[in-house]
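Letter by letter, the chains look like this.
2 protein chains.
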Amino acid sequence: MGMTSLLLSTAASATPYSQATLTHAERLHQHALTSDSALQTVESLTTEVGPRLAGSEGDARAVAWAQAKLQQMGFDRVYLEPVEIPHWERGYADARVTLPFPQPLVITALGNSVATPEGGIEASIIRFPTLADLQAAAPEQVSGKLVFIDHKMERDKEGRGYGPVVKARGVGAVEAAKKGAVGLLLRSVSTSSHRFAHTGVMRYIDGVARIPAVAISPPDADQLTRMLARDSDIRVKLDLEAMDHGTTTSYNVIGEITGDRKAEEIVLIGAHLDTWDEGTGALDDGAGVGIVTAAAGHILALEQRPQRTLRVVLYAAEEIGLLGARAYRDAHKGELDKHFIAAEADFGAGPIFRLDSRVNERALPAFDQMHALLAPLGVERGHNHSWGGPDVSVLPPLGVPVAGLSMDGTDYFDYHHTPDDTFDKIDPDAIRQSAAVYTLFAWLMANAEVDLRPIPLPEER
Amino acid sequence: MGMTSLLLSTAASATPYSQATLTHAERLHQHALTSDSALQTVESLTTEVGPRLAGSEGDARAVAWAQAKLQQMGFDRVYLEPVEIPHWERGYADARVTLPFPQPLVITALGNSVATPEGGIEASIIRFPTLADLQAAAPEQVSGKLVFIDHKMERDKEGRGYGPVVKARGVGAVEAAKKGAVGLLLRSVSTSSHRFAHTGVMRYIDGVARIPAVAISPPDADQLTRMLARDSDIRVKLDLEAMDHGTTTSYNVIGEITGDRKAEEIVLIGAHLDTWDEGTGALDDGAGVGIVTAAAGHILALEQRPQRTLRVVLYAAEEIGLLGARAYRDAHKGELDKHFIAAEADFGAGPIFRLDSRVNERALPAFDQMHALLAPLGVERGHNHSWGGPDVSVLPPLGVPVAGLSMDGTDYFDYHHTPDDTFDKIDPDAIRQSAAVYTLFAWLMANAEVDLRPIPLPEER
Ligand SMILES: [Zn+2]
Ligand SMILES: [Zn+2]
Ligand SMILES: [Zn+2]
Ligand SMILES: [Zn+2]
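Chains as they are written, first to last, in UniProt numbering: chain A, 1 to 461; chain B, 1 to 461.
FYI, nobody ran anything at the bench for these hints, they're computed from the structure. Built from N, CA and C at the ideal position, the CB exists for glycine as well. Heads up, some of the hints might be wrong.
Said to hold, decoys possible - Pulled a few chain A residues facing chain B out of the computed Cβ check, cut under 10 Å:
#1 P219
#2 Q223
#3 R226
#4 D277
#5 E335
Unchecked claim - Which residues of chain A face chain B? A partial, calculated answer using Cβ under 7 Å:
#6 S193
#7 R195
#8 P419
#9 D420
#10 D424
#11 P428
What the hints assert, rightly or not - These stretches of chain A come out as covered by chain B in the derived footprint (C-beta under 8 Å, 3 or more residues):
#12 49-55
#13 102-108
So here's chain A without its partners, still in its complex pose (with noise of 0.2 Å):
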């Protein structure tokens, strides 16, 4: 039991905000609209860390730089919690047509991509539309080639197009292996017409041959397409210097402000620290430490304590599979129940344009009356069956109520695990926006006098 039985007695009541709280959320609106802190914290991280992938140096340099931030900032309690992770580096990569129209290709190994033997491979390639189409081939016309998946992304602005293509990321290269393909060439997952490829992990299954796997730029997809409509026979080659590392140890960086009344009741609000290592990880997820820090910084900044504890996740390698996620979950199973509400912000510097939730349908009222305060900042109310982000999808089916701030993602996957995430992407009147909204959700939900649970049940993903 997380809630007090008086907590659900007033939950039905219509004033879930006291007067208190609403004076102080009026102004922090207004500091947070006249804040750059968040614009600056992302200025700070990929400037002086830069890129930070999951067990690399740049990691380590990152999970420094955010206990010192915390801790500069003023946190009541700042901590670290070990997550245990691969460590898996890029190294050399190139790929080429070689036959009939000899010309570099820009690509980039997927994470979790095994090296090709060395010296490379060639071989000639076969092209499908869509995963679908690779797994309805005969696997004599597959056998022996590289298999080139070309699924275009639509743009969309809660970024919709990403996941009808972003299976064939995660197990095109099973798929493709399973028919005796020698290796994976995917088309960006990606709405850029730049000629930047986009990383993101991909998954081996036991069992099955564990082929290269790499991302081609957008244009460099539809040069392939040109070329096959001239001539059936395009040989590629691919040579990958993918390393595999081994396990290594990565830290959730933690910082709470302790609430005076209600201590043991925890707000969380998270974001990644960790990246793909080409950019900077400006957008993903340099803005959301930025948004979420500055928040809490706000509130820091009043004479007056949240009720509840407020708790600013930094979480380890939510790029190569939510492994912060899991550990975070784990760590602090016995803690669940006090888990008050999560949200995430990983999805660019904003800005939030809806305010969704999973809470008990009880609850909504408070959230109606948190939204009249978000609506000048341009935020519509939403639907109640967000998942509150990635890192913080892994708490509903363990009962946690969790928010969705959504971002306004139309340009995100343009940037998105490209060299081209970086700190000019950061539109600063988006992320203000966004810290503003983080700031005056975590203020209302630390002091809400609402109970929140059970949250309906999860749907099938």
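Position chain B with the ligands relative to chain A; hints supplied.
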């Protein structure tokens, strides 16, 4: 004497174009606006050949492609003219900040740069906002360091932001070496915010140490500036494999439609066939190749031959110093006085927004009338001090009239000399308009009853 006194006497008349010429011009106009032949030519060149750096294997394939293309189009004469050129090769290139904020940088070697010594060089950087600031610096400040010139290029429809900035690309390494620098890091001569480094040619001079020279992407230049705001001592390691392969032979590829009445008089329309090595040279200058060959193709499709000879020149080795242009000028010294007019398309795909010229003032009414035919395509009437384009610019000092069909280059320097200069960047409507303008220009000039000489004296550039 190129022009007859008969032509001279008609130059002042109000009818530079016969009714038959104008009737055919109208037919060409209609045909050009429904044709995708320029686009298809760029697609063919960029797909089948791809990168074609002067002296490379791709360059040789481009020459073969062009020769076959012009022959297949049915030009009356197709021939190659040799051009002796240096063959430089990029090879491997890597740069990274080593201290205090270790991370990789996106760079590209400038064309003609020497390699670093085996194992690379590592040094502290010193930033100068402009080349002039470097030139004004004390050698003690610069000695032993990597000079970082951080001059931002301004976006401009006519590319007027290029000149003030590109000078540092040419002479920056020499100026830095004079003061004892060990290398040059140049902010890319670019209007882009994407993480591409822009290459381009640089020069050494005898008696000054040859130091390696690279461009860094705009976001990386900003990153170095942010680092310098935190710590005056930023160490960078540079590792370049650039190779000088000595001299080799490339070719200007020339196609002619023989004039039926004044075959010895030449209307030259040109573009350059070579490119930098990282993109596929779609905008620079596959588009120009597509535009001028399409213009000739439309004229070839008429039952009526032009009066003058229309000569399409696809220049070799423009990028590394107008070497094809100089070879053409020298090889054709004896007939330069028969060059009625010349123009070059080398500023992307268009659209063409202005008609400029450098012709005798008495001939301007012929350009005003040409303009009246081009105005429906969105072309303004321009000035009379055009240089005609990079390769063609070597001709006016020898008395050859030129025209400038000025293209909208607002976005040109976003892609120019980067890996991102690929076919998808060509706007089909823009290149169709440009080809239509070149078609009308070439036809009208090949049939004009006017004398364009003597041209106004060239100004100092
Ligand atoms: Zn993320
Ligand atoms: Zn990510
Ligand atoms: Zn050019
Ligand atoms: Zn160029």
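Against the structure, the hints:
| no. | hint | in the structure |
| --- | --- | --- |
| 1 | P219 | 4 Å, holds |
| 2 | Q223 | 6 Å, holds |
| 3 | R226 | 5 Å, holds |
| 4 | D277 | 9 Å, holds |
| 5 | E335 | 37 Å, violated |
| 6 | S193 | 6 Å, holds |
| 7 | R195 | 4 Å, holds |
| 8 | P419 | 5 Å, holds |
| 9 | D420 | 4 Å, holds |
| 10 | D424 | 5 Å, holds |
| 11 | P428 | 14 Å, violated |
| 12 | 49-55 | holds (count 3) |
| 13 | 102-108 | holds (count 4) |
Of the hints listed earlier, those the structure fails to meet are numbers 5 and 11, in rising order.
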